[in-house]
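Engineer: Use the sequences and the hints to build the structure in full.
Protein chains in written order, with our numbering: chain A, 474 to 670; chain B, 4 to 291; chain C, 15 to 285.
The hints are simulated quantities; they were obtained by calculation from the structure and are not laboratory data. For glycine and all other residues, C-beta sits at the position ideal for the given N, C-alpha and C. Do not take every clue at face value.
Below, computed lysine-lysine pairings styled on DSBU-like, alpha-carbon distance capped at 30 Å [stated by the list, open to error]:
#  : chain 1 : residue 1 : chain 2 : residue 2
1  : C       : K132      : A       : K489
2  : A       : K643      : B       : K19
3  : A       : K569      : C       : K132
4  : A       : K565      : B       : K19
5  : B       : K14       : A       : K569
6  : A       : K643      : A       : K565
7  : C       : K55       : A       : K565
8  : C       : K83       : B       : K194
9  : B       : K138      : B       : K193
10 : C       : K265      : A       : K489
11 : A       : K494      : A       : K516
12 : B       : K184      : B       : K138
13 : A       : K494      : C       : K276
Label-pair distances were calculated between CB atoms; the ranges are [what the hints assert, rightly or not]:
#  : chain 1 : residue 1 : chain 2 : residue 2 : range
14 : C       : A58       : B       : F263      : 54 to 60 Å
15 : B       : Q275      : C       : V269      : 31 to 37 Å
16 : B       : P245      : A       : S635      : 56 to 62 Å
17 : A       : A632      : B       : P103      : 39 to 45 Å
18 : C       : R19       : B       : Q125      : 24 to 30 Å
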Amino acid sequence: MAAPMVKVPGQRLARKDETTKPGTGTYEQNGFIYSSLAGCVQKETSSDGSVQISVITDVQQTVVPSVEAIVTARITNVTPRFCKCSILTVGKIPLKEPFRGMIRKEDVRATEKDKVETYKCFRPGDIVVARVLSLGDSQSYLLTTAENELGVVIATSEAGASLVPISWCKMQCPRTLAEEFRKVARVQQEFLQYTDT
Amino acid sequence: MADEVRTAQPKEFYRKYLEQGVRPDNRELGEFRPTVLDIGSKNGSCISTAEGSALIRLGNTIVICGIKGELAEPKTETPTEGYLVPNVELSAVCSPQFRPGPPSEQAQVLSQFVANVLKNSQCVELEDLCIAPGKMVWVLYADLICLDYDGNVADACVLALTAALSNTSLPVVRVDEETGKTETDFKEEKKIQLTCTPISATSAIFEDNVLLVDPTRQEEELSTGLVTVVTDGKNICSLEKPGGSPLKDQQMRLCIERAFQRHTEACNLITQSQGSTLSTLTSPLVDR
Amino acid sequence: MPDTRRITGPEETQSPFAFCPQFLAQSAEAFSDGKRRDGRKAEADHRPVFLKAGLISQAKGSAFAELDKTKVVCAVYGPHEVARREDFSMQGQISCEVKFAPFSCRVRRQHVQDGREKDLSTQLLEALEPAVRLDSFPKSQVDVFVTVLENDGSALSAAITCASLALADAGIEMYDLVVACTARIHGTSILVDPSFSEENLKTVSGEKPGGQVTLGFMPSLRQVSALCYHGDTDLDVLSQATQRCQDTCHKLYQVVQDTLVKSVEQRMNNS
Chain A
474 MAAPMVKVPG
484 QRLARKDETT
494 KPGTGTYEQN
504 GFIYSSLAGC
514 VQKETSSDGS
524 VQISVITDVQ
534 QTVVPSVEAI
544 VTARITNVTP
554 RFCKCSILTV
564 GKIPLKEPFR
574 GMIRKEDVRA
584 TEKDKVETYK
594 CFRPGDIVVA
604 RVLSLGDSQS
614 YLLTTAENEL
624 GVVIATSEAG
634 ASLVPISWCK
644 MQCPRTLAEE
654 FRKVARVQQE
664 FLQYTDT
Chain B
4 MADEVRTAQP
14 KEFYRKYLEQ
24 GVRPDNRELG
34 EFRPTVLDIG
44 SKNGSCISTA
54 EGSALIRLGN
64 TIVICGIKGE
74 LAEPKTETPT
84 EGYLVPNVEL
94 SAVCSPQFRP
104 GPPSEQAQVL
114 SQFVANVLKN
124 SQCVELEDLC
134 IAPGKMVWVL
144 YADLICLDYD
154 GNVADACVLA
164 LTAALSNTSL
174 PVVRVDEETG
184 KTETDFKEEK
194 KIQLTCTPIS
204 ATSAIFEDNV
214 LLVDPTRQEE
224 ELSTGLVTVV
234 TDGKNICSLE
244 KPGGSPLKDQ
254 QMRLCIERAF
264 QRHTEACNLI
274 TQSQGSTLST
284 LTSPLVDR
Chain C
15 MPDTRRITGP
25 EETQSPFAFC
35 PQFLAQSAEA
45 FSDGKRRDGR
55 KAEADHRPVF
65 LKAGLISQAK
75 GSAFAELDKT
85 KVVCAVYGPH
95 EVARREDFSM
105 QGQISCEVKF
115 APFSCRVRRQ
125 HVQDGREKDL
135 STQLLEALEP
145 AVRLDSFPKS
155 QVDVFVTVLE
165 NDGSALSAAI
175 TCASLALADA
185 GIEMYDLVVA
195 CTARIHGTSI
205 LVDPSFSEEN
215 LKTVSGEKPG
225 GQVTLGFMPS
235 LRQVSALCYH
245 GDTDLDVLSQ
255 ATQRCQDTCH
265 KLYQVVQDTL
275 VKSVEQRMNN
285 S
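Structural biologist: The following block contains the structure:
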């Protein structure tokens, strides 16, 4: 297998025409496609014959939470109206410095939005999987867990043990057998493979 | 997957490794990270604008020390003693936790620690720094800059300082007694003589019973206490244990033993590294 | 004002150079025996450059640049949340800071950032901003920290080249790499990449004082990102000097590109 070509910002990749399209890590100028990252060139041919050229950096990509991205966050504050959290990873890429996020009361669940009690859905210290709703304001990103697959994934009980999910709204402590309320994420097929290592 | 556990539950991650008696970077509990030292050639230093310099790489932690000499009047109560002023700078370059601006508390604590080491070990005779008693003495500014903060900056600083001092040469300054005029002669040089080589060894206490020597940044964050022992080969110059979990007598002895071992290793390293250039900064990174 | 957070020595100190007038005295002679002060032959000769990317493990991206004796280290952190709420904008921001190590110059520098360093920080920011794709990290800020370990002239151009290398190493999207070069105009000669003693040449009596120009250039796009000049010269001498800088930047571009490629390949081999 030929070694992938490494390109650096500013290097010309191809001429822009109807069949070639700029992908991630590239930009277009003066009819040419240039690289904007230092990484390997990837050419993907799509079904209609057009080629998409992108430059992929390995490992530490510059990730900033973007709209519709799935993120993992740790809950830091719980108030009756919203929960504040600290975004740890975007997709599978861990962030070096956490961003701040907020889950409003009406974005916790898809049904019965007004009857939500945030304290029965999240507690400080829980790790949740959420989706980015919008870039929010200057303080934090807006997140939502209003889907079956979103919600709490890891939580510790008051006794200190890891809680085990028993339903979409309850988790149980294996040590004391006490039940605690949480908005639990449904474990999907793809996530099973993820956590199986 | 390992990375996610490491980010979300670091203590669990470490506990699993320590049960086997190793650390995630394949080191034993009492092993120091590979250390590379650059002291510079005999005629100059790796930093030619400084009178003495050294660069140390302890695993991923990088500290560079530069010694500059200036002239000043001595204190009235000690007319034949010069000054030795260390300062540690944890700049914004070395870690995202430090912001540019005045030194953080941690940097101040480290500076004070280094100053204590110098005072207790008396490795530099302050009388050596005297040019004209009561009128002019040398002031040696030892500036230590951390370029990469991956734990155990204290040990790296002490080693860099000792190495830099062992290779510091000052120009000869003469004060004419009759006219009072001062003259610097750059053609002649005076080397600083060290009476001893203080070397330190830090251990982190993990969960009250495991001692990890030369902790990385993550190990420091998870530790419940730190112990630093400074020796000069024969005696203990200083022992610091600022709070933290209590240690048994046996564990304390282990720390001291490790410090003496480290001293022999470090002294060999200093003698071997005399005469290298600033290549450690650019050699391949140690795998985390 | 005494710095209460650092260990201070005596209040008044003097450098030993103050008592050796011939050392710090500025000479007016740029050439001796047909060679420049540091042994280079031609006016347009650049000193040997050594670059390395990816050496600080804690930083997102980092680089080290060595122009013979001038040594500069740069670390890039981010993108992370903007520090102050008022700075909210849909575009990303860059903040730069240049600091000289206390032992980097012949005469010891203070720890506190002085006016010259603040000046250089602004110039560095001006040189880097046009090259970075700010819309790729909205609401966030990227910090660039440069430390000059040893200053033997051309510190600003070394800082600019080092910083753009570090930004590319950090995976920040850029339109092109910025390569910088300095030229010292002294009388009728244009000295490319001046060393510290050449930067401080005394004016030849009867001639114009000359000046110094630093050019930040994006070679692939053929665009100038920054032009910093101070001094007093004729316009055509200045444009000639800028042209020389541009030519040197083209030569340096290859070295910078090779360094980046090497570091990417090394990262790929390690993972």
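Engineer: So, for every hint listed, does it hold in this structure?
Structural biologist: To see whether the hints hold, each was checked on the structure:
no.: 1; hint: K132/C with K489/A; in the structure: 42 Å, violated
no.: 2; hint: K643/A with K19/B; in the structure: 29 Å, holds
no.: 3; hint: K569/A with K132/C; in the structure: 28 Å, holds
no.: 4; hint: K565/A with K19/B; in the structure: 23 Å, holds
no.: 5; hint: K14/B with K569/A; in the structure: 18 Å, holds
no.: 6; hint: K643/A with K565/A; in the structure: 26 Å, holds
no.: 7; hint: K55/C with K565/A; in the structure: 55 Å, violated
no.: 8; hint: K83/C with K194/B; in the structure: 23 Å, holds
no.: 9; hint: K138/B with K193/B; in the structure: 19 Å, holds
no.: 10; hint: K265/C with K489/A; in the structure: 28 Å, holds
no.: 11; hint: K494/A with K516/A; in the structure: 10 Å, holds
no.: 12; hint: K184/B with K138/B; in the structure: 11 Å, holds
no.: 13; hint: K494/A with K276/C; in the structure: 27 Å, holds
no.: 14; hint: A58/C with F263/B: 54 to 60 Å; in the structure: 58 Å, holds
no.: 15; hint: Q275/B with V269/C: 31 to 37 Å; in the structure: 32 Å, holds
no.: 16; hint: P245/B with S635/A: 56 to 62 Å; in the structure: 33 Å, violated
no.: 17; hint: A632/A with P103/B: 39 to 45 Å; in the structure: 44 Å, holds
no.: 18; hint: R19/C with Q125/B: 24 to 30 Å; in the structure: 26 Å, holds
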